[in-house]
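K.L.:
Read off the chains here:
Protein chains: 2
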Amino acid sequence: MPAWEMNVRKVIPYTPGEQPDRAGIIKLNTNENPYPPAPGVARVLQGMDAGKLRKYPDPAAGELVSALSERYQMPKEQIFVGVGSDDVLAMSFLTFFNGDKPILFPDITYSFYDVWAGLFQIPYECQPLDGEFEIVTKDYLKPCGGIVIPNPNAPTGAEKDLQELERIIAANSDVIVIIDEAYIDFGGESAVRLVSQYDNLLVVQTFSKSRSLAGMRIGYAFGNEKLIKYLNDAKYSFNSYTMNTVTIAMGVEAVRDEAYFQETVGKVVATREWTKGELHRLGFVFQDSKSNFIFASHPKCQAKKLFEALKERGIYVRYFAKPRIDNYLRISIGTDEEMKALVAFLDKYIGENLWLN
Amino acid sequence: MPAWEMNVRKVIPYTPGEQPDRAGIIKLNTNENPYPPAPGVARVLQGMDAGKLRKYPDPAAGELVSALSERYQMPKEQIFVGVGSDDVLAMSFLTFFNGDKPILFPDITYSFYDVWAGLFQIPYECQPLDGEFEIVTKDYLKPCGGIVIPNPNAPTGAEKDLQELERIIAANSDVIVIIDEAYIDFGGESAVRLVSQYDNLLVVQTFSKSRSLAGMRIGYAFGNEKLIKYLNDAKYSFNSYTMNTVTIAMGVEAVRDEAYFQETVGKVVATREWTKGELHRLGFVFQDSKSNFIFASHPKCQAKKLFEALKERGIYVRYFAKPRIDNYLRISIGTDEEMKALVAFLDKYIGENLWLN
Numbered sequence: 002m003p004a005w006e007m008n009v010r011k012v013i014p015y016t017p018g019e020q021p022d023r024a025g026i027i028k029l030n031t032n033e034n035p036y037p038p039a040p041g042v043a044r045v046l047q048g049m050d051a052g053k054l055r056k057y058p059d060p061a062a063g064e065l066v067s068a069l070s071e072r073y074q075m076p077k078e079q080i081f082v083g084v085g086s087d088d089v090l091a092m093s094f095l096t097f098f099n100g101d102k103p104i105l106f107p108d109i110t111y112s113f114y115d116v117w118a119g120l121f122q123i124p125y126e127c128q129p130l131d132g133e134f135e136i137v138t139k140d141y142l143k144p145c146g147g148i149v150i151p152n153p154n155a156p157t158g159a160e161k162d163l164q165e166l167e168r169i170i171a172a173n174s175d176v177i178v179i180i181d182e183a184y185i186d187f188g189g190e191s192a193v194r195l196v197s198q199y200d201n202l203l204v205v206q207t208f209s210k211s212r213s214l215a216g217m218r219i220g221y222a223f224g225n226e227k228l229i230k231y232l233n234d235a236k237y238s239f240n241s242y243t244m245n246t247v248t249i250a251m252g253v254e255a256v257r258d259e260a261y262f263q264e265t266v267g268k269v270v271a272t273r274e275w276t277k278g279e280l281h282r283l284g285f286v287f288q289d290s291k292s293n294f295i296f297a298s299h300p301k302c303q304a305k306k307l308f309e310a311l312k313e314r315g316i317y318v319r320y321f322a323k324p325r326i327d328n329y330l331r332i333s334i335g336t337d338e339e340m341k342a343l344v345a346f347l348d349k350y351i352g353e354n355l356w357l358n
Numbered sequence: 002m003p004a005w006e007m008n009v010r011k012v013i014p015y016t017p018g019e020q021p022d023r024a025g026i027i028k029l030n031t032n033e034n035p036y037p038p039a040p041g042v043a044r045v046l047q048g049m050d051a052g053k054l055r056k057y058p059d060p061a062a063g064e065l066v067s068a069l070s071e072r073y074q075m076p077k078e079q080i081f082v083g084v085g086s087d088d089v090l091a092m093s094f095l096t097f098f099n100g101d102k103p104i105l106f107p108d109i110t111y112s113f114y115d116v117w118a119g120l121f122q123i124p125y126e127c128q129p130l131d132g133e134f135e136i137v138t139k140d141y142l143k144p145c146g147g148i149v150i151p152n153p154n155a156p157t158g159a160e161k162d163l164q165e166l167e168r169i170i171a172a173n174s175d176v177i178v179i180i181d182e183a184y185i186d187f188g189g190e191s192a193v194r195l196v197s198q199y200d201n202l203l204v205v206q207t208f209s210k211s212r213s214l215a216g217m218r219i220g221y222a223f224g225n226e227k228l229i230k231y232l233n234d235a236k237y238s239f240n241s242y243t244m245n246t247v248t249i250a251m252g253v254e255a256v257r258d259e260a261y262f263q264e265t266v267g268k269v270v271a272t273r274e275w276t277k278g279e280l281h282r283l284g285f286v287f288q289d290s291k292s293n294f295i296f297a298s299h300p301k302c303q304a305k306k307l308f309e310a311l312k313e314r315g316i317y318v319r320y321f322a323k324p325r326i327d328n329y330l331r332i333s334i335g336t337d338e339e340m341k342a343l344v345a346f347l348d349k350y351i352g353e354n355l356w357l358n
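So the sequence lines, in the order shown, correspond to chains A and B. Residue numbering for the first sequence follows the working numbering, starting at 2 and increasing by one per position. Residue numbering for the second sequence follows the working numbering, starting at 2 and increasing by one per position.
Incorrect hints may have been included.
As a list, the in silico DSS-like pairs of lysine-lysine whose alpha-carbon atoms are at most 25 Å apart [to be verified]: (1) B:Lys56 <-> A:Lys268; (2) B:Lys139 <-> A:Lys56; (3) B:Lys77 <-> A:Lys11; (4) A:Lys277 <-> B:Lys56; (5) B:Lys227 <-> A:Lys11; (6) A:Lys53 <-> B:Lys312; (7) A:Lys227 <-> B:Lys11; (8) A:Lys143 <-> A:Lys102; (9) A:Lys77 <-> B:Lys11; (10) B:Lys11 <-> A:Lys230; (11) B:Lys341 <-> A:Lys53; (12) B:Lys230 <-> A:Lys11; (13) A:Lys312 <-> B:Lys56; (14) A:Lys53 <-> B:Lys227; (15) A:Lys56 <-> B:Lys268; (16) A:Lys341 <-> B:Lys312; (17) B:Lys77 <-> A:Lys102; (18) A:Lys11 <-> A:Lys102; (19) B:Lys77 <-> A:Lys56; (20) A:Lys312 <-> A:Lys341; (21) A:Lys323 <-> A:Lys312; (22) A:Lys56 <-> B:Lys277; (23) B:Lys53 <-> A:Lys312; (24) B:Lys277 <-> B:Lys312; (25) A:Lys11 <-> B:Lys102; (26) A:Lys53 <-> B:Lys53; (27) A:Lys268 <-> B:Lys53; (28) B:Lys277 <-> B:Lys323; (29) A:Lys341 <-> B:Lys53.
These are calculated hints, taken from the structure and not from any lab test.
Go ahead and model the full structure; you've got the sequences and the hints to work with.
P.N.:
Laid out in structure tokens, this is it:
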């Protein structure tokens with residue numbers, strides 16, 4: 002081992018879902034939106050002067066912050082933007098979780114939380130979901146270094162009641178509570194309206210799911226002015242210009258087209274509800290998802306085998322080889338046609354394999 | 002002070018140069034390239050299918066890595082890419098500088114180094130440039146936690162002899178030595194060819210200057226396979242998808258157009274040499290810059306006053322209110338027309354103000 006390896010920060014990185022690029026596959030494994038981004042996004046590509054790109058972008062991404070400010074009726078000083086909600090969350094962990102006490106988050110949740118804690122050497126303590134995969138409020142009413150709760154939770158898709166979340170936020174006024182709302186637009190109740198009441202609350206959202214812009218990496222957060230100032234100080238100490246010129250312009254168009262946003266979100270929700278009915282009919286069990294995915298298990302069918310069979314057929318879903326959830330599949334909501342193809346395959350597979358597992 | 006502030010990482014952020022967006026100004030303050038990016042970059046904007054952006058980008062930015070691999074004849078496993086060289090450097094500080102001994106870098110240098118050290122709580126010790134603003138080799142031949150040397154140095158523009166750098170790299174095999182080559186393409190000799198010999202060497206470059214893509218944020222680094230693996234582990238522990246779909250495609254086009262690259266770099270170098278002659282004629286003193294800027298001082302003219310007078314005229318240059326360099330201006334190389342306008346202003350200003358300062 003070379004001597005320089007002694008000083009290396011050694012980490013176990015997050016594993017993103019596969020990004021197969023073959024034609025003809027049905028990709029339901031990374032919770033992408035099946036519909037293209039708002040038409041204005043294509044117009045940015047057509048109208049952008051490439052010559053402008055020789056210059057640095059606006060480090061504050063001012064136009065994007067203004068567009069978000071208008072859409073969410075939130076002062077600009079209370080908005081932070083970054084390269085996807087992962088960037089926003091990573092900067093938040095780095096900025097706010099520097100105490101000695103462990104931070105708290107669910108045991109079954111977005112699998113990046115413990116990775117960030119590892120990277121920044123933040124002590125943490127996972128709070129087990131109950132037998133119904135619900136977050137237990139009282140587990141978060143104790144001294145800690147901070148709290149992260151995704152709502153709806155991933156990969157379960159379940160929503161936590163906002164009054165319960167407010168109890169947690171109120172009981173932890175001495176630390177920052179992050180509500181990660183990556184999937185909130187698909188039917189959940191947002192905590193954004195609590196930002197004005199609780200100065201320890203940070204609400205994080207993303208353009209990757211409900212605004213069909215996973216490919217451009219835009220995330221944002223709402224919090225009180227002081228909290229956002231600290232977050233920006235850390236950002237400007239890491240990389241002054243994180244968001245590029247094209248991304249900023251696209252983000253503005255995506256957030257301004259409210260009609261398109263409502264329309265595509267509505268379609269995803271309708272398809273999800275149809276899919277729930279079909280999965281129930283096939284004998285799957287799952288929580289009532291308020292997200293753009295369903296986390297389902299079949300009592301008579303091994304998830305890992307089904308995952309592999311689906312992949313063979315060109316249908317990609319997500320499987321986690323982790324305790325408690327290793328008999329579940331996380332299935333993103335695609336178009337009606339994609340979900341029909343999935344259900345048709347499941348119909349056949351379950352008919353043939355039910356008694357073999 | 003709210004209790005949660007106790008756990009906040011408090012930092013003093015880097016201050017980027019102003020990004021005024023008014024028409025008619027001459028912007029020589031952030032070392033941008035005066036020429037547009039390669040024509041292929043505009044073609045990416047025209048040809049990109051916006052519908053693709055609903056999907057996540059390739060987390061490994063494989064096509065960009067391949068293009069760099071081909072251009073620099075470097076195996077793909079030895080290439081890291083990020084959101085500008087600032088992102089690459091920030092990740093490198095986080096990954097490699099975790100020892101107890103201080104890291105070393107020049108006292109007059111890129112002013113982000115001490116900011117990253119501050120953010121990640123890395124001990125550091127600045128090594129003073131000599132009276133001629135040269136890096137002193139022997140200052141870097143002592144036990145330390147790592148080394149960062151920009152070559153050419155910024156804001157001086159001076160190149161350090163590659164043999165001297167090699168002495169430093171060889172003498173510090175127990176720590177990582179980063180050579181920050183943001184400006185190398187404007188006439189310096191790159192350390193890239195040393196990567197195969199020294200497993201502790203990381204060479205960082207950027208698309209922001211010589212490839213006219215500051216607005217898109219692309220940086221990269223070369224190092225041995227193991228070192229790049231550690232860097233990628235840290236990156237995948239921070240944000241899986243840092244580079245977006247459009248940026249990756251643009252980067253590929255920019256790196257593949259070697260003829261355009263040579264042509265525009267050649268033009269900047271020619272304009273720089275002309276500007277040197279004019280500044281000498283006007284009585285300015287400066288080192289022999291190998292970058293796309295000149296760091297100049299006038300023995301009879303206060304830099305701060307001149308900076309303000311230039312700004313009033315709509316010519317932006319960079320002024321640093323820091324010890325040892327507070328009588329210097331860093332002037333980026335623009336087009337011939339822009340530099341002629343600068344020189345015309347200086348001619349007049351110096352004629353009128355020489356004895357007033």
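K.L.:
If a hint holds in the structure, say so; if it doesn't, say that too.
P.N.:
Hints versus structure:
1. This hinted pair checks out: Lys56 of chain B and Lys268 of chain A have alpha carbons roughly 18 Å apart, not beyond 25 Å.
2. With a C-alpha separation of about 38 Å, the suggested pairing of Lys139 of chain B with Lys56 of chain A is violated against the 25 Å cut-off.
3. A C-alpha spacing of about 22 Å is found between Lys77 of chain B and Lys11 of chain A, which places the hinted pair at or below 25 Å, so the restraint holds.
4. With a CA separation close to 24 Å, the supplied pair Lys277 of chain A and Lys56 of chain B stays within the 25 Å bound.
5. This hinted pair checks out: Lys227 of chain B and Lys11 of chain A have alpha carbons roughly 12 Å apart, not beyond 25 Å.
6. With a CA separation close to 21 Å, the supplied pair Lys53 of chain A and Lys312 of chain B stays within the 25 Å bound.
7. A threshold of 25 Å between alpha carbons decides the hint, and for Lys227 of chain A with Lys11 of chain B the separation of about 12 Å falls inside it, so the pair holds.
8. Only pairs whose Cα atoms come within 25 Å are accepted, and Lys143 of chain A paired with Lys102 of chain A is accepted, the gap being roughly 11 Å.
9. For a cut-off of 25 Å, the pair hint linking Lys77 of chain A to Lys11 of chain B stands: about 22 Å separates their Cα positions.
10. With a C-alpha separation of about 10 Å, the suggested pair Lys11 of chain B and Lys230 of chain A falls inside the 25 Å cut-off, and the hint holds.
11. A threshold of 25 Å between alpha carbons decides the hint, and for Lys341 of chain B with Lys53 of chain A the separation of about 22 Å falls inside it, so the pair holds.
12. For the hint pairing Lys230 of chain B with Lys11 of chain A, the CA-to-CA distance comes to about 10 Å; that is within 25 Å, so the pair holds.
13. Simply put, Lys312 of chain A and Lys56 of chain B have alpha-carbon atoms about 18 Å apart, close enough for the 25 Å limit, and the pair holds.
14. At most 25 Å may separate the alpha-carbon atoms for a hinted pair to count; Lys53 of chain A and Lys227 of chain B exceed this at roughly 37 Å.
15. A hinted pair counts as satisfied when its Cα atoms are at most 25 Å apart, and Lys56 of chain A with Lys268 of chain B qualifies at roughly 18 Å.
16. Restraint check for Lys341 of chain A and Lys312 of chain B: not satisfied, since their Cα atoms lie roughly 63 Å apart, outside the 25 Å limit.
17. Proximity of Lys77 of chain B to Lys102 of chain A is assessed by CA-CA distance (about 41 Å); at most 25 Å being required, the pair is judged violated.
18. This hinted pair checks out: Lys11 of chain A and Lys102 of chain A have alpha carbons roughly 22 Å apart, not beyond 25 Å.
19. The hinted pair formed by Lys77 of chain B and Lys56 of chain A fails the criterion: a straight-line CA distance of about 29 Å is larger than 25 Å.
20. Between the alpha carbons of Lys312 of chain A and Lys341 of chain A the distance comes to roughly 16 Å, so the proposed pair stays at or under 25 Å and holds.
21. A threshold of 25 Å between alpha carbons decides the hint, and for Lys323 of chain A with Lys312 of chain A the separation of about 19 Å falls inside it, so the pair holds.
22. Distance hint between Lys56 of chain A and Lys277 of chain B is fulfilled; the C-alpha atoms sit about 24 Å from each other, no more than 25 Å.
23. In summary, the hint linking Lys53 of chain B to Lys312 of chain A is supported, as the alpha carbons are separated by about 21 Å, within the 25 Å threshold.
24. Proximity of Lys277 of chain B to Lys312 of chain B is assessed by CA-CA distance (about 21 Å); at most 25 Å being required, the pair is judged to hold.
25. Proposed proximity of Lys11 of chain A and Lys102 of chain B is supported: the alpha carbons are some 18 Å apart, at most 25 Å.
26. About 23 Å separates the Cα atoms of Lys53 of chain A and Lys53 of chain B, which keeps this hinted pair within 25 Å; it holds.
27. In summary, the hint linking Lys268 of chain A to Lys53 of chain B is supported, as the alpha carbons are separated by about 19 Å, within the 25 Å threshold.
28. Of the supplied pair hints, the one linking Lys277 of chain B and Lys323 of chain B holds, its CA atoms being roughly 24 Å apart against a limit of 25 Å.
29. Simply put, Lys341 of chain A and Lys53 of chain B have alpha-carbon atoms about 22 Å apart, close enough for the 25 Å limit, and the pair holds.
When held up to the earlier numbered hints, the structure conflicts with 2, 14, 16, 17 and 19 and fits the remainder.
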